[in-house]
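Please work from the sequences and hints to get the whole structure.
Residues per chain, in single letters:
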Amino acid sequence: MGSSESDEYPDAQRTTGSEHRPAKARRRTDVPFFLIMGGLSSIFVLLIVLLIAADFMFTSWSDFREALLKREIQFAFRLTMFSCTLAALLSLWVGTPLGYLLSRYRFPGRWIIDTIVDIPIVLPPLVLGLSLLILFHLPFGDWKLETWMDKVVGFPVAFHWPAVVLAQFTVSCAFAVRTMRVTFDQINPRAEDVARTLGCTRFQAFMLVALPQAWRGMIAAGTISWARALGEFGPILVFAGSTRMRTEVLSTTVFLELSVGHLNAAVAVSLLMVAMAAVTLVLLRVLGTGLNA
Amino acid sequence: MIEMRDVTIRAGQFSLERISFQIPAGRYAVLMGKTGRGKTTLLELVCGLRRPTSGSILVHGQDMTDWSPADRMIGYVPQDLALFPTMNVQEHLEFALRLKKFPRARIAERTSELAAVLGISHLLLRSVRRLSGGESQRVALGRAIANRPTVLLLDEPLSALDAATRHEMHELLRTIKESTGVTILHVTHNVEEAEALADQRLLLEDGKLTAST
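If you read the sequences in order, they're chains A and B. According to our numbering, the first sequence holds residues 1 to 293 in order. According to our numbering, the second sequence holds residues 294 to 506 in order.
Keep in mind the hints are simulated off the structure, nothing from the lab.
Facing chain A, from chain B, some residues (calculated, C-beta under 7 Å):
(1) Leu342
(2) Pro362
(3) Asp373
(4) Ala375
(5) Phe377
(6) Pro378
Cut-off 20 Å, straight-line C-alpha distance, at most; resulting in silico cross-link-like pairs (SDA-like, lysine to any residue):
(7) Lys394/B / Gln204/A
(8) Lys394/B / Phe206/A
(9) Lys70/A / Ala275/A
(10) Lys327/B / Ala453/B
(11) Lys393/B / Phe203/A
(12) Lys394/B / Thr201/A
(13) Lys394/B / Leu208/A
Output of the computed footprint for chain B on chain A, the stretches with three or more beta carbons under 8 Å from beta carbons of chain B:
(14) 200-206
(15) 209-217
Glycine included, each C-beta is placed from N, C-alpha and C at the ideal position.
Below, the structure written as structure tokens:
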């Protein structure tokens with residue numbers, strides 16, 4: 001075009017002329033950023049805090065004590081501790097090798113396995129319980145898994161305590177696999193390669209080099225599995241039932257107490273579970289693993 | 294002796310076609326070539342971490358193409374060293390010997406001898422997380438040669454070191470070669486390094502390997 005440089009940049013001359021000072025000084029603030037981000041974030045945090053606070057305000061110390069002294073609830077507490085711990089250990093036992101395989105190897109059908117592992121996480125809990133029930137009672141000719149377990153192995157599963165553990169394991173193992181996979185993704189596979197050139201089989205490389213580096217991840221996976229098992233309810237109700245003094249765990253206690261109108265006992269047990277979950281989460285933080293999975 | 298006969302490897306976009314070379318026993322060979330041309334792949338083929346699409350790999354006349362890395366007894370120092378983060382220096386030097394179930398006294402003897410040669414005797418109980426670059430190099434080298442392999446593969450082992458440390462490492466590598474008679478294949482970018490160390494030079498370019506003098 002025909003215009004000169006000073007026409008195209010009318011500000012240029014003015015600013016360079018007078019000590020590099022922009023025409024209008026602007027001081028911008030980050031306050032709105034923090035207000036908006038903080039405001040949105042606090043909605044969720046506040047909700048959780050209010051939930052727990054409401055539970056505390058609803059119940060009294062005497063209600064709490066009374067509930068915890070009940071024989072049935074003490075049984076449920078013991079069964080919960082036992083079944084959650086067993087489910088977490090089993091999850092770790094299975095989740096560690098599976099997480100390792102998914103992290104280290106590219107094999108045909110890997111994506112299918114990856115998807116299958118996630119199914120228990122997305123499936124509605126009741127459906128999971130129903131599926132377990134069907135699996136154990138589906139006749140293959142004359143043969144049924146449940147009958148075989150009961151009569152031949154002498155270890156009845158459905159509507160007995162093993163059903164509680166199996167229902168918890170099915171979900172918590174999925175979380176253990178995810179956590180262990182992320183853990184192994186973050187560990188340099190070259191070290192295992194070098195170990196193999198030094199005379200290790202793949203199994204020795206896993207045991208001697210990879211696993212010792214994965215202990216933090218294993219603690220995280222174990223804790224997450226334990227916490228998931230604690231919250232498990234739907235599959236347990238369907239697959240194990242909620243028989244007092246036999247298959248009752250704390251999550252089913254809340255349901256049972258609520259269904260007979262003992263709101264105070266239900267809330268007291270809920271608070272007990274909040275405390276158990278809090279201890280687990282604090283343990284996780286103290287061990288410095290973080291919940292990055 | 295290290296020998297490749299018509300080795301081809303294809304992995305996605307990357308390929309090396311019909312590579313052949315021979316490094317006689319006790320020679321120090323230096324492999325040069327631009328980044329991303331497959332020098333590391335070549336080393337991984339020799340030590341068995343990768344399998345060739347076709348062709349064969351021989352060490353001392355023995356066809357090892359289908360052997361697992363554990364059975365080949367080849368020392369390997371990768372570019373990132375890949376030290377074991379949960380072990381101290383001594384455990385690195387003992388690693389291969391323990392796997393072979395050497396008696397304790399022999400392990401101790403070999404470890405202290407090795408530490409003395411490498412100049413890391415004062416570091417034996419230190420965690421590898423707290424080593425300098427040069428110290429880490431020596432540990433990775435010690436770990437690779439502890440069980441007296443007859444072939445040693447070095448992947449740009451000195452690239453991260455300052456000039457003075459690098460010269461010390463040149464001396465050390467020469468000493469190791471002369472005292473053990475090990476056959477060495479050393480990958481580097483550094484021309485000066487090649488001149489200081491090489492008995493034999495190889496150049497990898499455009500998927501072809503040529504001998505250069």
